[in-house]
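Visitor: As a plain string of letters, each chain reads:
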Amino acid sequence: MPRSFVSLLLLLAAALGLACDAGGAGQSGGESAAQATARRLGLHGTALAASLPRPHFVLTDTAGHAFDFHARTQGRLTLLYFGYTNCPDICPLQLSHLAAALDKLPKLRDQIDVVFVGVDAARDTPKRVRSWLDHFDPNFYGLTGTDLALQRAQLAASVPTASVEARFKGGYTVSHAGWVLVVTPDDQLRLRYQSSVGSDEWAHDLPILLKEKWPG
Amino acid sequence: MRSILTRRLDHLRHLLLCTSVLLAASTGLSLGAAAAEPMVVVRDARIPAPAADVAALYFVVEDRSGKGDRLLEVRVPIARQVSIHRTTHKDGMSHMMPVEGGLVLPAGGQLALEPGGLHVMLMGVSPMPSLGDTVPLTLVFERAGEVPVQARVVSYADAAAGEKRHTHP
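So the sequences go chain by chain: A and B. Using this note's numbering, read the first sequence as starting at 1 and increasing by one per residue. Using this note's numbering, read the second sequence as starting at 1 and increasing by one per residue.
By construction, these hints were calculated from the structure, which means they are not laboratory data. Just so we're clear, the structure is a prediction, and the values are computed from it rather than from any experiment. Each residue gets a CB set at the ideal place from its N, CA and C atoms; glycine is no exception. Any given hint might turn out to be false.
Unchecked claim - The following label-pair restraints were derived from C-beta to C-beta distances: (1) B:133 - A:167: 40 to 48 Å; (2) B:90 - A:70: 23 to 31 Å; (3) B:75 - A:103: 30 to 38 Å; (4) B:90 - A:103: 30 to 38 Å; (5) B:62 - A:56: 47 to 55 Å; (6) A:103 - B:66: 42 to 50 Å.
Claimed, not checked - Partial list, derived from the structure: chain A residues whose beta carbon lies under 10 Å from chain B: (7) 85; (8) 87; (9) 96; (10) 128; (11) 131; (12) 132; (13) 134; (14) 136; (15) 160; (16) 168; (17) 170; (18) 175; (19) 178; (20) 208; (21) 210.
Stated by the list, open to error - Over 12 Å on every C-beta distance to chain A, these chain B residues come out as not near it, computed from the model: (22) 41; (23) 77; (24) 96; (25) 102; (26) 106; (27) 143; (28) 155.
Generate the whole structure from the sequences, applying the supplied hints.
Guide: Structure representation (structure tokens):
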């Protein structure tokens, strides 16, 4: 079967999954147990109607080594974000919020992984991703890969696939998933957070996300 | 031969210019082409300390002429390329698109470039500014003309705090 056809099928499946998810969240009175829990806990993210298993994908870390996301982060609270280093606005804002929140939680810092995936294969070299992340927090993991590997990672994480958006004199922009995904220590992708969530909100939520036992 | 009066006038004009430049520098406000009655006032010009050679520039422009204006161009000497962009969110995706044709400053209103919305994208930034620096730049308006501005280099947290302050005064 041609690869493009397989990609199309995967994309369709992902789109359907997202559509169903959005439908579930939008139903009045159709709140799932997870969504009720998130609301009760006062969390600032949106709980997925149904959680997903911790994603499986392999990319390249900033030292140039293969990074098996599932194996390396298993059993830990993981914040996963897809962006690009030439992004001047949303991506650095998200990462600075996360870095500031972790600064407020020095005792919990070691129990939380932040994983940034640079989806702009042409420009997000491991070296550039490292120096960019070091500006926020040298402990953040930075991953990149080929276009195909990046597509697979985004499909595995059930986020829409990034693409070149607009070309203009001197560069181009990339559209990319706008959320930080939260995978809880029980290895379930449970919530997503918008970029408007600031460091105080994160600092409130992270200790809860570390210890909460979720239903189901 | 120039008369004494003309020279005096020149001197006065020079003094006035120096005063307005000093005033602009000391208050952080930038005065438009007509120094006495600014047509536009620019405040909170800020650049989050960049993590790479790309950076964002945010600011708020207020119309004081009562007639509105249009921001045509932003000139930033430390950037190789400057482009006005808008970030939007749709169906879980963050999009960033260049804005063509300038930005409208409504009559008697304001134009706010804030994190997560409108911003000026600076590319090929060199030398890279650090926290606490000020970056000189020029906003070019259709009516108010060239307006010199000093942007502060701040943390992303401070850049976002500016946004909240203006959204919820």
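Visitor: Does each hint hold? Answer for all of them.
Guide: Tested hints:
1. The supplied range of 40 to 48 Å is broken by residue 133 of chain B and residue 167 of chain A, whose beta-carbon atoms lie about 31 Å from each other.
2. Under the hint 23 to 31 Å, the C-beta atoms of residue 90 of chain B and residue 70 of chain A, about 30 Å apart, fit the expected range.
3. Range check, residue 75 of chain B to residue 103 of chain A: about 36 Å between beta-carbon atoms, so the 30 to 38 Å window is met.
4. Under the hint 30 to 38 Å, the C-beta atoms of residue 90 of chain B and residue 103 of chain A, about 32 Å apart, fit the expected range.
5. Against the hinted window of 47 to 55 Å, the Cβ-Cβ separation of residue 62 of chain B and residue 56 of chain A comes to about 52 Å, which satisfies the hint.
6. Judged by the Cβ atoms, the range 42 to 50 Å given for residue 103 of chain A and residue 66 of chain B holds: they are separated by roughly 46 Å.
7. Interface restraint check for residue 85 of chain A: the shortest CB-CB distance to chain B comes to about 5 Å, inside 10 Å, so the restraint holds.
8. The restraint placing residue 87 of chain A at the interface with chain B holds, with a minimum CB-CB distance near 7 Å, inside the 10 Å limit.
9. Hint status for residue 96 of chain A relative to chain B: holds, with the closest Cβ pair at about 4 Å, below 10 Å.
10. At its closest, the beta carbon of residue 128 of chain A sits 7 Å from a beta carbon of chain B; the interface hint therefore holds under the 10 Å criterion.
11. Interface restraint check: residue 131 of chain A against chain B, minimum CB-CB distance 7 Å, threshold 10 Å, status holds.
12. A least Cβ separation of about 5 Å between residue 132 of chain A and chain B falls short of the 10 Å threshold, and the interface hint therefore holds.
13. The beta carbon of residue 134 of chain A comes within 8 Å of a beta carbon in chain B, closer than 10 Å, and the hint placing it at the interface holds.
14. Annotation: interface hint on residue 136 of chain A holds; nearest CB of chain B at approximately 7 Å, less than 10 Å.
15. Nearest Cβ of chain B to the Cβ of residue 160 of chain A: about 5 Å, under the 10 Å cut. The hint holds.
16. Evaluation of the residue 168 of chain A hint against chain B yields a held restraint, the C-beta minimum of about 5 Å falling below 10 Å.
17. Interface hint at residue 170 of chain A: satisfied, since its Cβ lies 3 Å from the closest Cβ of chain B, which is below the 10 Å cut-off.
18. Because the smallest distance between the Cβ of residue 175 of chain A and any Cβ of chain B comes to about 5 Å, under 10 Å, the interface hint for this residue holds.
19. The beta carbon of residue 178 of chain A is positioned within 10 Å of a beta carbon in chain B (closest approach about 4 Å), and the interface hint is therefore held.
20. Proximity of residue 208 of chain A to chain B is violated relative to the hint, the smallest CB-CB distance being about 22 Å (cut-off 10 Å).
21. About 23 Å separates the beta-carbon of residue 210 of chain A from the nearest beta-carbon of chain B, more than 10 Å, and the hint is not met.
22. Separation of residue 41 of chain B from chain A is adequate, the least Cβ-Cβ distance of about 24 Å exceeding the 12 Å criterion.
23. Non-interface status of residue 77 of chain B relative to chain A is upheld: no Cβ of that chain comes within 12 Å, the nearest being about 15 Å off.
24. The non-interface label for residue 96 of chain B is inconsistent with chain A: the shortest C-beta to C-beta separation is roughly 4 Å, within 12 Å.
25. Distance check for residue 102 of chain B against chain A: the nearest CB is about 15 Å away, which clears 12 Å, and the non-interface claim stands.
26. Once the 12 Å rule is applied to beta carbons, residue 106 of chain B is consistent with being away from chain A; the minimum gap is 23 Å.
27. Every Cβ of chain A is farther than 12 Å from the Cβ of residue 143 of chain B; the closest lies at roughly 26 Å, confirming the non-interface assignment.
28. With a cut of 12 Å on Cβ distances, residue 155 of chain B falls inside the contact zone with chain A, its closest approach being about 7 Å.
The earlier numbered hints that this structure contradicts are 1, 20, 21, 24 and 28.
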